[in-house]
Amino acid sequence: MELTGAQILLESLKKEGVDVLFGYPGGAIIDIYDELTRYPELHHYLVRHEQGAVHAADGYARATGKVGVALVTSGPGATNAVTGLATAYCDSIPLVVITGQVATGLIGNDAFQEVDTVGITRPCTKYNYLVKDVTKLSQIIREAFYIARTGRPGPVLIDLPKDVQLAKTEFKWSDDAVSMRSYNPNYRPNHNQLRKAMEALKASSSPVILAGGGVILSNASEVLTQFAQETRCPVACTLMGLGCFPSSSDLWLGMVGMHGTYTANMSLNNADLIICVGGRFDDRVTGKLSTFAPKAKVVHIDIDPTTIRKNVKVDVPVVADCRLALEGMLDLLRSKYAAEEWENRHKSWLETLHTWQTEQPLSWQAKGRYLKPQHVVRVLRQITDGDAIIATEVGQNQMWAAQFYDFDAPRTFLTSGGLGTMGYGLPAAMGAQVAFPDKLVIDIAGDGSIQMNIQEMATIVQNKLPVKVLILNNTYLGMVRQWQELFYKHNYSSTSMRGQPDFVKLAEAYGAEGYRITDEADLEPMLRKALSSPNPAIIDVLIEPEEDVYPMVPAGAALDEMLLV
Amino acid sequence: MMENEKDRHVLSVLVENEPGVLSRVVGLFSGRGYNIYSLNVAPALEEGTSHMTITTYGDMQILEQIMKQLHKIVSVIKVVEYSDIPAVEREMMFVKVQAEGAMRGEILRTVDIFRCKVIDVSPTEITIEATGDHEKLDAIVGLLHRFGIKEIARTGSVVMRRSRRSE
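As given, the protein sequences belong to chains A and B, one line each in that order.
Quick note on our numbering: the first sequence kicks off at 1 and runs consecutively.
Quick note on our numbering: the second sequence kicks off at 1001 and runs consecutively.
Only chain A is shown next, with the shape it has when bound in the complex (with noise of 0.2 Å):
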């Protein structure tokens, strides 16, 4: 039977297993809107701008592992989308993005909501498609989703103009395995390079694991976990990579960089070898490069091998899955490797670990009348036992809730780590919360990002979906604030936020619950009671205006110049 291309699209959605979108509809993709009526196995959630469709389509796929999937309008739609496929590509996030395009006849004529969409975002997509042929589409689409979830998974984009959404075929649709001849991922480590590695581990007096987002992405947190204790192996995360290793594990140093804990930090620039397992090195982790871990030799382990060399020198590049890397390791390490006593190998190097956790830890100065941020977010973590998802915006809110939530399990922290997108964090709440919609899904924001996407309360809402929304609020924009406090002389430009609107209010209005939270015999009751709301809520917690995130390695310094509270 012949289709068209709007319902070959639906359908194909369908064979690669989608039961959820994020969108908004409009001129140049509304044929497909109309056919999605009859497709009541694909869930729409219709948001309230293009960006917080991306964004929860990238919350439900960090949250899940799966595919994401957004259907926007072409022009605005597709520019409105660009934020949210940067921060997924930063991130290596899969996702599918459906836009709208004009008809074929009139692209490049300066059609109305016309953009030349694959050419906005090309550079920021893995890849991405405009479909001209309508007997193509369904090829496309599996091409789609394959690329977006296999080797370093990102997003892809599909430009479908409105003549091949109505155009029709017959629908054909192939289960194999997809395979390109330009596109192969290489997944399985080099054996010779896992011996070189473990060759490196066993000479190392000092090591430490450095895990980043790819731990995540290739589900290896568990192999992970098993290779540091039978190692004895201190582990250090990214932004990226927390939650891949469990921050109540004696081997758990916190996290590193900018605003990373002087343990790992120290522990970086002190180790005689980094095992780098899906990070990339980026310049919040390693601040100044020529300074960087300069007593490490360093063991690699990436599947993109463009992260490889890029920035640090590498001894042992081992470019891999993650997990069958590992998988590889902890193999030799139990068959070549079990002789060695591991138990006390590093033991004087996890004691000198353990004297600097003990001497400088993750702290505050709890002076003053108000809550201070680290305080609050520490009551989140005992009154939620850490089962929650916790979604960030991006600023000072972010980094509080890395450094006190204290994770213990993969996909329970998203966060906008490469971009640094304010706005992300409710949409990808959203995101999370139609995948999970029994658990507990909180979006721990400033008072300044909330702004950006809070639109996305109204989708909270007409969905009923529970989320709660955290705003540790300093009538500031904290982080500039913190940088302009340090570094420019107290000059505050442009980061005052007074006029803010009443957050209470404003949660009401969308239909939410609103809470406000000034003082701290008031923070856990009321906390505990907005969470155990079964409905949306705001949550306005009232903190000291001008608290600073420590520690904090300043833009271009080595990470032991470390300024601490």
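Each hint should be verified, as a subset may be incorrect.
Stated by the list, open to error - Listed next, the stretches of chain B that the computed footprint assigns to chain A, with coverage defined by at least 3 CB atoms under 8 Å from CB atoms of chain A:
#1 1035-1048
#2 1114-1128
#3 1153-1159
As the list claims (entries may be wrong) - When the alpha-carbon atoms are kept at most 25 Å apart in a straight line, the in silico DSS-like pairs for lysine-lysine are as follows:
#4 A:Lys313 / B:Lys1006
#5 A:Lys489 / A:Lys464
#6 A:Lys295 / A:Lys310
#7 A:Lys313 / B:Lys1072
#8 A:Lys313 / A:Lys202
#9 B:Lys1150 / A:Lys310
#10 B:Lys1072 / A:Lys136
#11 A:Lys132 / A:Lys202
#12 A:Lys15 / A:Lys136
#13 A:Lys310 / A:Lys196
#14 B:Lys1068 / A:Lys196
#15 A:Lys168 / A:Lys136
#16 A:Lys372 / A:Lys529
#17 A:Lys310 / B:Lys1006
#18 A:Lys367 / A:Lys196
#19 B:Lys1096 / B:Lys1150
#20 A:Lys313 / B:Lys1150
#21 B:Lys1078 / A:Lys310
#22 A:Lys439 / A:Lys464
#23 B:Lys1068 / A:Lys310
#24 A:Lys66 / A:Lys464
#25 A:Lys297 / B:Lys1068
#26 B:Lys1006 / B:Lys1078
#27 A:Lys288 / A:Lys310
#28 A:Lys372 / A:Lys505
#29 A:Lys172 / A:Lys15
#30 A:Lys14 / A:Lys168
#31 A:Lys14 / A:Lys132
#32 A:Lys136 / A:Lys14
#33 A:Lys66 / B:Lys1072
#34 B:Lys1117 / B:Lys1096
#35 A:Lys196 / A:Lys347
#36 A:Lys439 / A:Lys66
Source of the hints: derived by calculation from the structure; they are not laboratory data.
Since we're looking at a predicted model, the values are computed, not measured.
Each residue gets a CB set at the ideal place from its N, CA and C atoms; glycine is no exception.
Starting from the known structure of chain A, arrange chain B on it as the hints suggest.
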């Protein structure tokens, strides 16, 4: 030439001939701050594929990144760099030179020495076609400069691995 000759690299890139593939490759260079000295694109032997020859300058670390980043582009099939591979490299060039009076004879002698061809003549100008590696073409341009060059069109290098001489 300003750049260091040892940092010059000729890359041969085989790509799927799909719309936008050129901008994917060129966008990679501009987006990451690599430079393209010359670029040549045309259909390759196999239908549906195109062959790009890119001349670029950069140290070994940059070259390694360029190669890896090119490989990473979904529509790129193969990337070869010719520094350590025996290969022939040629480029074609048209040069339009001002040629009046006594100068004409001297220009024609220069053309002869370099085995160039005259492909167009007017009372005041001569257009020359030259083929060679980039160093030869640079030398020709250098010699013709004093006559007054009106216009130059160069194709950019193309390159091919040499056949094995013996078994």
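Now for the hints, and whether the structure bears them out:
1. For the stretch 1035-1048 of chain B, the proposed coverage by chain A is not satisfied: 0 residues have a C-beta within less than 8 Å of a C-beta in that chain, short of the threshold of three.
2. Counting residues of the stretch 1114-1128 of chain B whose C-beta lies closer than 8 Å to any C-beta of chain A gives 0; at least three are required, and the coverage claim is violated.
3. Only residues whose beta carbon comes within less than 8 Å of a beta carbon in chain A count, and the stretch 1153-1159 of chain B has 0; fewer than three means the coverage is violated.
4. The suggested pairing of A:Lys313 with B:Lys1006 holds, with an alpha-carbon distance near 22 Å, which does not exceed 25 Å.
5. Among the hinted pairs, A:Lys489 with A:Lys464 is inconsistent with the structure: their alpha-carbon atoms are about 46 Å apart, more than 25 Å.
6. Restraint check: the Cα-Cα separation between A:Lys295 and A:Lys310 comes to about 19 Å, which is no more than 25 Å; the hinted pair holds.
7. For the given pair, A:Lys313 sits about 20 Å from B:Lys1072 by alpha-carbon distance, which is consistent with the 25 Å threshold.
8. Simply put, A:Lys313 and A:Lys202 have alpha-carbon atoms about 20 Å apart, close enough for the 25 Å limit, and the pair holds.
9. The hinted pair formed by B:Lys1150 and A:Lys310 fails the criterion: a straight-line CA distance of about 43 Å is larger than 25 Å.
10. For the hint linking B:Lys1072 to A:Lys136, the alpha-carbon distance of about 24 Å falls within 25 Å, and the restraint holds.
11. In summary, the hint linking A:Lys132 to A:Lys202 is not supported, as the alpha carbons are separated by about 56 Å, beyond the 25 Å threshold.
12. Proposed proximity of A:Lys15 and A:Lys136 is supported: the alpha carbons are some 16 Å apart, at most 25 Å.
13. The straight-line distance between the Cα atoms of A:Lys310 and A:Lys196 is roughly 21 Å, inside the 25 Å bound, and the hint therefore holds.
14. For the proposed pair B:Lys1068 and A:Lys196, the alpha carbon gap of about 23 Å is at most 25 Å, so the pair holds.
15. Of the pairs offered as hints, the one joining A:Lys168 and A:Lys136 holds, with about 12 Å between alpha carbons and a cut-off of 25 Å not exceeded.
16. Distance check on the hinted pair: A:Lys372 and A:Lys529 sit about 20 Å apart at the alpha-carbon level, within 25 Å; holds.
17. Proposed proximity of A:Lys310 and B:Lys1006 is supported: the alpha carbons are some 21 Å apart, at most 25 Å.
18. This hinted pair does not check out: A:Lys367 and A:Lys196 have alpha carbons roughly 51 Å apart, beyond 25 Å.
19. With a C-alpha separation of about 5 Å, the suggested pair B:Lys1096 and B:Lys1150 falls inside the 25 Å cut-off, and the hint holds.
20. For a cut-off of 25 Å, the pair hint linking A:Lys313 to B:Lys1150 is broken: about 48 Å separates their Cα positions.
21. Of the pairs offered as hints, the one joining B:Lys1078 and A:Lys310 holds, with about 21 Å between alpha carbons and a cut-off of 25 Å not exceeded.
22. For a cut-off of 25 Å, the pair hint linking A:Lys439 to A:Lys464 stands: about 13 Å separates their Cα positions.
23. Note on B:Lys1068 and A:Lys310: the hinted pairing holds, with a Cα-Cα distance of about 10 Å set against a maximum of 25 Å.
24. Between A:Lys66 and A:Lys464 the alpha-carbon distance is near 23 Å, which keeps this suggested pair within the 25 Å criterion.
25. Of the pairs offered as hints, the one joining A:Lys297 and B:Lys1068 holds, with about 23 Å between alpha carbons and a cut-off of 25 Å not exceeded.
26. With a C-alpha separation of about 23 Å, the suggested pair B:Lys1006 and B:Lys1078 falls inside the 25 Å cut-off, and the hint holds.
27. Taking the CA atoms of A:Lys288 and A:Lys310, the gap is near 15 Å; set against the 25 Å cutoff, the hint holds.
28. Taking the CA atoms of A:Lys372 and A:Lys505, the gap is near 23 Å; set against the 25 Å cutoff, the hint holds.
29. Between A:Lys172 and A:Lys15, the direct Cα distance comes to roughly 11 Å. Compliance with the 25 Å bound is thereby established for this hinted pair.
30. The hinted pair formed by A:Lys14 and A:Lys168 meets the criterion: a straight-line CA distance of about 19 Å does not exceed 25 Å.
31. Only pairs whose Cα atoms come within 25 Å are accepted, and A:Lys14 paired with A:Lys132 is accepted, the gap being roughly 22 Å.
32. The suggested pairing of A:Lys136 with A:Lys14 holds, with an alpha-carbon distance near 17 Å, which does not exceed 25 Å.
33. With a CA separation close to 22 Å, the supplied pair A:Lys66 and B:Lys1072 stays within the 25 Å bound.
34. Annotation: proposed proximity of B:Lys1117 to B:Lys1096 holds, straight-line Cα distance about 12 Å (limit 25 Å).
35. Among the hinted pairs, A:Lys196 with A:Lys347 is consistent with the structure: their alpha-carbon atoms are about 23 Å apart, no more than 25 Å.
36. Distance check on the hinted pair: A:Lys439 and A:Lys66 sit about 17 Å apart at the alpha-carbon level, within 25 Å; holds.
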